[in-house]
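Work out the full structure, taking the sequences as your base and the hints as a guide.
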Amino acid sequence: MNRLPDALIVVEPKREDIAVKEAQRMGVTTVALIDTDSDPDTIDLPIPGNDDSIRSIELVLAKLADALREGKASLPPEPQTPARGGRGPAPASGANPKPTATVV
Numbered sequence: 027m028n029r030l031p032d033a034l035i036v037v038e039p040k041r042e043d044i045a046v047k048e049a050q051r052m053g054v055t056t057v058a059l060i061d062t063d064s065d066p067d068t069i070d071l072p073i074p075g076n077d078d079s080i081r082s083i084e085l086v087l088a089k090l091a092d093a094l095r096e097g098k099a100s101l102p103p104e105p106q107t108p109a110r111g112g113r114g115p116a117p118a119s120g121a122n123p124k125p126t127a128t129v130v
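Note that the working numbering has the sequence shown beginning at 27, numbered continuously upward.
Keep in mind that the hints are not guaranteed to be accurate.
Computed spacing ranges between beta-carbons, pair by pair [as the list claims (entries may be wrong)]:
no., residue 1, residue 2, range
1, 43, 106, 34 to 44 Å
2, 55, 102, 29 to 39 Å
3, 68, 105, 37 to 47 Å
4, 102, 47, 34 to 44 Å
5, 38, 104, 13 to 23 Å
6, 106, 27, 14 to 24 Å
In short, the hints are calculated from the structure, not lab data.
These numbers come from a predicted model, not from an experiment.
Backbone N, C-alpha and C define an ideal beta-carbon position, used for all residues, glycine too.
Here it is as structure tokens:
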């Protein structure tokens, strides 16, 4: 990776506590499917649900992926810029980089 991701999606934050702590330390937004045994205060965007059921996990992740695809499709295309030694264009001072998401 050449930059930090915009968000981290976790299925069971109690089990993946190290990843959640690292994301918080790095300033990465955390999204998690949480059950009654998880602490929602450690997650930026908690999604209440059954994190033990594979059907529940598949449903929630499929809906998140669909929403990401739909949102990405609604964005205007980015202008093509010439490559500068393998790096993208330098960001303007004070400009916030545009968030991107990769859907697999």
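Consistency of beta-carbon spacing, residue 47 to residue 102, with hint 34 to 44 Å:
Between residue 102 and residue 47, where Cβ atoms are some 36 Å apart, the hint holds.
Given a hinted range of 34 to 44 Å, is it respected by the beta-carbon distance of residue 43 and residue 106?
holds, 41 Å
Please test the hint of 37 to 47 Å on the beta carbon pair from residue 68 and residue 105.
holds, 39 Å
Distance restraint hint 14 to 24 Å, applied to the beta-carbon atoms of residue 106 and residue 27
holds, 22 Å
Range agreement (Cβ of residue 104 with Cβ of residue 38, hint 13 to 23 Å)
violated, 35 Å
In this structure, is the beta-carbon distance linking residue 55 and residue 102 contained in 29 to 39 Å?
Given about 23 Å between the Cβ atoms, the range is violated.
Hint compliance for this structure: hints 2, 5 are not met, and every other hint is.
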